[in-house]
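Using the supplied hints, reconstruct the complex from the two chains, each of which is provided in its own coordinate frame.
Here the protein sequences come in this chain order: A and B. The first sequence lines up with residues 1 to 608 when you count with this note's numbering. The second sequence lines up with residues 1 to 72 when you count with this note's numbering.
Calculated from the structure, these hints are not laboratory results. Accuracy of the hints is not assured; some may be wrong.
Derived lysine-lysine pairs resembling DSSO-like cross-links, with alpha carbons at most 27 Å apart [stated by the list, open to error]:
(1) K3(A) to K63(B)
(2) K3(B) to K62(B)
(3) K60(A) to K3(B)
One-letter residues, chain by chain:
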Amino acid sequence: MNKKQKRLLRDIVISAALLTAAFVTDRLLAAAWYARLALYLPAYLPVALPVLRKAALNLKNGQMLDENFLMAIATVGAMALCEFPEAVFVMLFYQVGEWFEGMAVAKSRRSIGELMEIRPETATVLRDGQERKIPPEDAVIGDILLIRAGEKIPLDGVVTEGRSALNTAALTGENAPREVGVGDSVVSGCINLQGVLRVRVQRLYEDSTVAKILELVENSAAVKSRSETFITRFARVYTPAVVGLAVAISVLPPLFVGAWSDWIHRGLIMLVVSCPCALVLSVPLTFFGGIGGASRSGILVKGSEFLEKLAQMDCLALDKTGTLTKGEFRVLQTVGDQEALRLAASLEAFSEHPIAQSLKRAYNGELLPARNIQELSGLGMTGEIDGEKVLVGARRLMERYGVAVPDDTLPGTSVYAARGGKWIGTVLIGDTLKDTARAAMRVLREQGVRDLVMLTGDTLPAAEAVAREAGISTFRAQLLPQDKVQAVEDLLKTHNVTGFVGDGINDAPVLARADVGIAMGAFGSDAAIEAADVVLMRDDPLLIASARRIAVRTKRIVTENIVCAIAVKVLVLLLAAFNLAGMGAAIFADVGVLVLAVLNALRALKRE
Amino acid sequence: MKKVFRLEDLDCAACAAKMECAVKKLDGVKDASVSFMRQSMMIEADDDVFDGVVEQAAKVCKKIEPDCVIKR
Numbered sequence: 001m002n003k004k005q006k007r008l009l010r011d012i013v014i015s016a017a018l019l020t021a022a023f024v025t026d027r028l029l030a031a032a033w034y035a036r037l038a039l040y041l042p043a044y045l046p047v048a049l050p051v052l053r054k055a056a057l058n059l060k061n062g063q064m065l066d067e068n069f070l071m072a073i074a075t076v077g078a079m080a081l082c083e084f085p086e087a088v089f090v091m092l093f094y095q096v097g098e099w100f101e102g103m104a105v106a107k108s109r110r111s112i113g114e115l116m117e118i119r120p121e122t123a124t125v126l127r128d129g130q131e132r133k134i135p136p137e138d139a140v141i142g143d144i145l146l147i148r149a150g151e152k153i154p155l156d157g158v159v160t161e162g163r164s165a166l167n168t169a170a171l172t173g174e175n176a177p178r179e180v181g182v183g184d185s186v187v188s189g190c191i192n193l194q195g196v197l198r199v200r201v202q203r204l205y206e207d208s209t210v211a212k213i214l215e216l217v218e219n220s221a222a223v224k225s226r227s228e229t230f231i232t233r234f235a236r237v238y239t240p241a242v243v244g245l246a247v248a249i250s251v252l253p254p255l256f257v258g259a260w261s262d263w264i265h266r267g268l269i270m271l272v273v274s275c276p277c278a279l280v281l282s283v284p285l286t287f288f289g290g291i292g293g294a295s296r297s298g299i300l301v302k303g304s305e306f307l308e309k310l311a312q313m314d315c316l317a318l319d320k321t322g323t324l325t326k327g328e329f330r331v332l333q334t335v336g337d338q339e340a341l342r343l344a345a346s347l348e349a350f351s352e353h354p355i356a357q358s359l360k361r362a363y364n365g366e367l368l369p370a371r372n373i374q375e376l377s378g379l380g381m382t383g384e385i386d387g388e389k390v391l392v393g394a395r396r397l398m399e400r401y402g403v404a405v406p407d408d409t410l411p412g413t414s415v416y417a418a419r420g421g422k423w424i425g426t427v428l429i430g431d432t433l434k435d436t437a438r439a440a441m442r443v444l445r446e447q448g449v450r451d452l453v454m455l456t457g458d459t460l461p462a463a464e465a466v467a468r469e470a471g472i473s474t475f476r477a478q479l480l481p482q483d484k485v486q487a488v489e490d491l492l493k494t495h496n497v498t499g500f501v502g503d504g505i506n507d508a509p510v511l512a513r514a515d516v517g518i519a520m521g522a523f524g525s526d527a528a529i530e531a532a533d534v535v536l537m538r539d540d541p542l543l544i545a546s547a548r549r550i551a552v553r554t555k556r557i558v559t560e561n562i563v564c565a566i567a568v569k570v571l572v573l574l575l576a577a578f579n580l581a582g583m584g585a586a587i588f589a590d591v592g593v594l595v596l597a598v599l600n601a602l603r604a605l606k607r608e
Numbered sequence: 001m002k003k004v005f006r007l008e009d010l011d012c013a014a015c016a017a018k019m020e021c022a023v024k025k026l027d028g029v030k031d032a033s034v035s036f037m038r039q040s041m042m043i044e045a046d047d048d049v050f051d052g053v054v055e056q057a058a059k060v061c062k063k064i065e066p067d068c069v070i071k072r
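The following block holds chain B by itself, in its conformation from the complex (with noise of 0.2 Å):
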């Protein structure tokens, strides 16, 4: 499944880019990408595990970017 999610108050163009490389590296996420000027991250991951892999990015999201929300 691949699902595209608003980013919240993402105000630093270089966070995106390491949150991009963190989502990407979690266990079960295929594909994912993080577009500052939109806003935006799109996570592709299987089914069976699409929550918990969105739950992990969340936090990892959180970690680098405090005042971020991701709106699901």
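In isolation and in its complexed conformation, chain A is listed as follows (with noise of 0.2 Å):
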């Protein structure tokens, strides 16, 4: 609670021990309406007097619509008709939603200010053999930063000294240490653990992970859901038509029956009910609150409209590469003579290429003793094992000696292998599925998103074994980067919100052409948090489902809320105008209203 959260609970604990005293008295008394004003006026203005105050500003402004102009005039209203206990009721009500308001908003905007704590304060760079605190933004390219235990990585960098543990939890929800030694890279706003830790600085503070982060999350409101929206607009006319409708209700009906304190009263209670702002406040305090839970679980939303369009999404394409599989190549099987794997291991043993070294890993034997050993970029090696000229590598070497290779169909890279001219067998290499891809696309289509469209690079039978493992129909493969624009755009086309989801290599111009950009494992790739309008720092297709279920549960709160605030309205409202609702009835709904939608928005900030 902060001061003026303190100050206005004083207030209406003050308030109501006065209500109290001043209606018991009033109840044994009996007295005249003065002395009945003398009595309930301390209780009234403790709670009103901040009202007036600001009241009788904003009537200097020309604002006449603003809720405390017309809960002043309520309740100044009431007491002119000496309906004293009610008038002090009303305000005492509305401060309590108020107050209760506060704190919602409070505990909300700590959510996010808890991502906010990842902002390192000083680096401590090692100069001419000194140690420095300087702040983070003045570091360099190529400075040595010194980070101990228990202190936050100030900019993104590789390790050149120590061992050490990092908590990542601020940027992913991951609450396991990552394991860092030299050479890795680490990546601002984690907190080392254990030990002292040398890193070598690679990008300024403002490209760091860290700077990016704190830019999209403090970025993230600007961009506002069509729910956010509609209420501010359905607030910009409620408000004055039932003002309206109070100011009719109060003069019209008494210049042909009379009674002209009843209608009056009758306009007064709707002038309390015409306040906006637990309609205006629940829908951003909801979305805020999905936004904070989704952070909270490693998923950053760019804004609530995102979010909104998470939730609507019935299309998602889904990069191969990255994405749904790891990105690591491993040998799949050999076909042929199985001596194929030795040799290509043997000659491949040579080259540092990501498909030599799989089948570096995969073949565990004696390597065969090469000689003459040559690497054609893009074809493969070439060299002689025994006095025979030995071939590894794609189809167009095999095509360029001359040696006739099978016409094959396998999932996969295919790397021949041929002794003395002659074909002998294939290996083929294929990337691995992550372990959560099945599961993920299962969750997906449980929740909704009906078409699940690979798209891929990759050749055609690559891409169909991905595919099915993943559990997916529909692919299109041998895409260049071009093609997968123009694949989402026709999805884009017969689905109403698409959304795509890439590892943020390369795909940018994808991400911002979907509907919900989504970036998977953007933890250390800039560019993609750059791109995307949803970014997954963990590599784990199942946080899609997880932004899904977010997304939707966070609309779904939306919508109630909506709904069951101006229902409520509305009914009084109609009471109101029949007589057979109080005031005191109409401030009760309004603000139990109130802490029913904050309630039920404080559910978005869950975690997931």
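This is the structure we're talking about:
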């Protein structure tokens, strides 16, 4: 509770106590109106003064439809009609609502505040053998940072000395520490848990992950959802309309039937109901809670609009490599002579290519001594083993040397091996599906994402194998990056809301083109953070499902709140018009709805 | 230029919506957004008129919510 809230709570308690005392005395005495006014005024003033002050200021500025002004008119009007307890009760309850609202907003804001704690205050750099504490903004590329246990990594860089475990929870929502050693890249915002690390700065502070994330979080409110726009528009019409109605009902009927004070009383009740704040607040509060809850689960959402679209998404296009698959190559099988793997490994031992690495990992036996080794970029390797010419590589390498190879439609990348001008076998290399990919696709489909479409630059058989394994029925293969944009555009035409999820490498235009661009594993990739609407901080496909679940829940709460608040307001308006509801009932209903809406909104904060 | 300002003591969600609406209508403002939850206002305007626009926006906001202060 801040100072303002404490003061308000104090005033509420004082006022409530005085109201009770005044009410009891009033019952016992049955005094004249001026005595009763004197009795109730001390209870009224503590809660009413701030409202009356603002009402006066607003009146001066011509803001007649401000809620302070409306509440002031309603309560002062009630006083004028000698409805003293009612006037105090209304003001008291109005302030209870305000207090409650303030607490809820603060709670919701704190959830984002936690994320803001990733901001590093200082960086310790080693310059000329001296330790210096400087603002992270002043560090330059190549500086050596000294990071002790318990300190935050201030800028992105690479470890040059030391081993440690990092707490990445603030960024990823993941509690398991991440082990790092010399040569590993580290990301700003993580906390060093043990030992001293030396890190060479690779990015300036403004380009570092932490700065990008903070920028994203700070700007995320600028893009507003349709629900939010709807409710503010509604409020712009609602308040003047109800105030107009209140004036009409206070003046018109009594012109014909008399009973002025009765009709004015009905009008004042309507003024109480006309306050729009509960309605206007509940929508952004809920979305904010949803965004906060998502960020605590390692999902950054750039604005309530995208949370809303995520909830409405009926089609999701997925990139293959790095999104559904791990992006690590491994040997799937060897076709033909098993010796092919041995030959391939023996030659590829001299290459640093990722495919070569996977061959080396797959073959555990003794390598054959090879001579005259040559690496032909993009084609493969040639060499001599036991005096015979050996070729290992792509189909085009075999064609160049006139080696006939069997046609195949194997899923994956084929590495052909030939000895003495003859094909002996093919090693098939493929990417591994992520452990949770299949489960994630199933959950997404259960959540109502009707179409899942895989887009890949890979060959048809490779795409088909991954799609089948992941449980995706639709896929498009051999797409160049610009083809992927076209593919997403096609999907946009036939679906309401189309999302795209990619790893952020090479697919920024696609991320930007989709209704909802989701970047996966943006941990350290600032390009993805910029291009995407939703950023998943972990490389886990299940996080897409989590994001969807949070979005759907948030959207549902928003709808519940809008419907409930409008329904209650309309009901009370009708009751007031027919003299069936008192002013007390009106404010009670109003604050009651506010409390319900706020409690409901806070559910959106829940972490996945 | 696009800049985000903090708003202090912005206490009412409906006022925030009114401010956004009013600032958007100001001459020279390309886009504006007020977030009650974040207590912030984003203003986008051309560089050469930016300071004047912010001045105008501050005045308009003061009218709608007298206690609210724009931190520059």
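Cross-check of the supplied hints:
Distance check on the hinted pair: K3(A) and K63(B) sit about 25 Å apart at the alpha-carbon level, within 27 Å; holds. At most 27 Å may separate the alpha-carbon atoms for a hinted pair to count; K3(B) and K62(B) meet this at roughly 19 Å. For the suggested pair K60(A) and K3(B), the alpha carbons sit about 30 Å apart, so the restraint of at most 27 Å is broken.
In the structure shown, a violation is registered for the earlier hint numbered 3 alone.
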